Amino acid sequence: MPQLNPAPWFLILVFSWLIFLALMPPKILTHQFPHEPSTLTAHKPKANSWTWAWQ
Amino acid sequence: MTMNLFNQFLSPTFLGLPLIAIALMAPCLLYPSPAPWWQSNRWTTLQNWFIGSFIKQILSPINTKGHSWALLLATLMVFLITLNTLGLLPYTFTPTTQLSLNMAFAVPLWLATVIMGFRNSPTHALGHLLPEGTPTPLVPILIIIESISLLIRPLALGVRLTANLTAGHLLIQLVSSAAFSLLLSQTTAASLAVGLLLLLTILEVAVAMIQAYVFVLLLSLYLQENV
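Those protein sequences? They're chains A and B, same order as listed.
According to our numbering, the stretch in the first sequence is residues 9 to 63, in order.
According to our numbering, the stretch in the second sequence is residues 15 to 241, in order.
Quick caveat, the hints were computed from the structure, so don't treat them as lab data.
The structure displayed is predicted, hence computed values, not measured ones.
Misleading hints may appear alongside valid ones.
Listed below are the simulated DSS-like cross-link pairs for lysine-lysine, each with C-alpha atoms no more than 25 Å apart in a straight line [stated by the list, open to error]:
{"no.": "1", "chain 1": "A", "residue 1": "K54", "chain 2": "B", "residue 2": "K79"}
{"no.": "2", "chain 1": "B", "residue 1": "K79", "chain 2": "A", "residue 2": "K35"}
{"no.": "3", "chain 1": "A", "residue 1": "K35", "chain 2": "B", "residue 2": "K70"}
{"no.": "4", "chain 1": "A", "residue 1": "K54", "chain 2": "B", "residue 2": "K70"}
Which residues of chain B face chain A? A few of them, derived with a C-beta cut under 10 Å, are [claimed, not checked]:
{"no.": "5", "residue": "N21"}
{"no.": "6", "residue": "F28"}
{"no.": "7", "residue": "A84"}
{"no.": "8", "residue": "F119"}
Chain B residues, not near chain A, derived (Cβ > 12 Å throughout) [what the hints assert, rightly or not]:
{"no.": "9", "residue": "G80"}
{"no.": "10", "residue": "A170"}
{"no.": "11", "residue": "R174"}
{"no.": "12", "residue": "L196"}
{"no.": "13", "residue": "A204"}
{"no.": "14", "residue": "L214"}
{"no.": "15", "residue": "L235"}
For glycine and all other residues, C-beta sits at the position ideal for the given N, C-alpha and C.
Please model the complete structure; the sequences and the hints are all you need to start from.
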């Protein structure tokens, strides 16, 4: 089975993690999730704000 | 003859350059970043909806400490589902059929959840190795069994994705080569094979999406246990 050939294993690991860590997250992070605009009500909106957590 | 069927999974190179790098870049190139204005176009809205609803669903059973994994899980999901579904197009290469790639993702991420669990609450993490209510004579053997099942998780995670996608692609190649070779001599059999191929392709689209989801879901479950 060609998948078990160990030669490109390290290269594939490096490439895939490089792309997964460097190129994909900025594209996902630019997506924001603002509140839906509410009508003229005085009470506090039910939803709490959420953003990409960084603890 | 059988070895030829597996040649489709050879990591492709062209003049010594690995083409898997281009295949891996495909998800980055296909998703344009959202523009800073308020109203986005349809494609961006669709992406936004998908990422939002996926994150809501996958983070709901995890407590607030685990929410810092949101970006990682979302990125992983988008990455895997794109790689899987793009591989179903003719003449494309699916990087997720490579065991190396799947293990490269499964082992570090699983290990991260385990290390997090052992660092933050070691007693609680060790407690997972013994289910509640176990009869005393069974305790030693059950701890061994649970430890083995813990250690086998990354292997299962990686091999599950690899095997599902490899098997699917292999089946498609087998059935399509059968249909092609029977086309002139036994046309009825060939048309049956083409019908089977159509159903198989629909199945493979479903499998591609489900397997990506299962990978990320299981990781979130391992996270949930340890956080």
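Here is how each hint holds up against the structure:
Restraint check for K54 (chain A) and K79 (chain B): satisfied, since their Cα atoms lie roughly 22 Å apart, inside the 25 Å limit. Taking the CA atoms of K79 (chain B) and K35 (chain A), the gap is near 24 Å; set against the 25 Å cutoff, the hint holds. Of the pairs offered as hints, the one joining K35 (chain A) and K70 (chain B) holds, with about 18 Å between alpha carbons and a cut-off of 25 Å not exceeded. Between K54 (chain A) and K70 (chain B) the CA atoms are separated by roughly 16 Å; this keeps the pair inside 25 Å, and the hint holds.
Against a cut-off of 10 Å between C-beta atoms, the interface hint on N21 (chain B) holds, since the closest Cβ of chain A lies about 7 Å away. Hint status for F28 (chain B): violated, given a least beta-carbon distance of 14 Å to chain A, over 10 Å. Proximity of A84 (chain B) to chain A holds as hinted, the smallest CB-CB distance being about 6 Å (cut-off 10 Å). The closest approach between the C-beta of F119 (chain B) and any C-beta of chain A is roughly 7 Å, which is under the 10 Å cut-off, so the hint is satisfied.
Its closest Cβ contact with chain A, about 9 Å, brings G80 (chain B) to no more than 12 Å, contrary to its assignment away from the interface. For A170 (chain B), the shortest C-beta to C-beta distance to chain A comes to about 16 Å, beyond the 12 Å cut-off, and the non-interface label holds. Interface exclusion of R174 (chain B) from chain A stands, the closest Cβ pair being 14 Å apart, more than 12 Å. Listed as outside the interface, L196 (chain B) is consistent with that label: its C-beta sits roughly 27 Å from the nearest C-beta of chain A, beyond the 12 Å cut-off.
The Cβ of A204 (chain B) sits about 29 Å from the closest Cβ of chain A, beyond the 12 Å cut-off, so the non-interface label holds. The non-interface label for L214 (chain B) is consistent with chain A: the shortest C-beta to C-beta separation is roughly 21 Å, beyond 12 Å. At roughly 19 Å, the least C-beta separation between L235 (chain B) and chain A is larger than 12 Å, which holds for a residue marked as non-interface.
When the structure is compared with the earlier hints, violations turn up for hints 6 and 9 and for no others.
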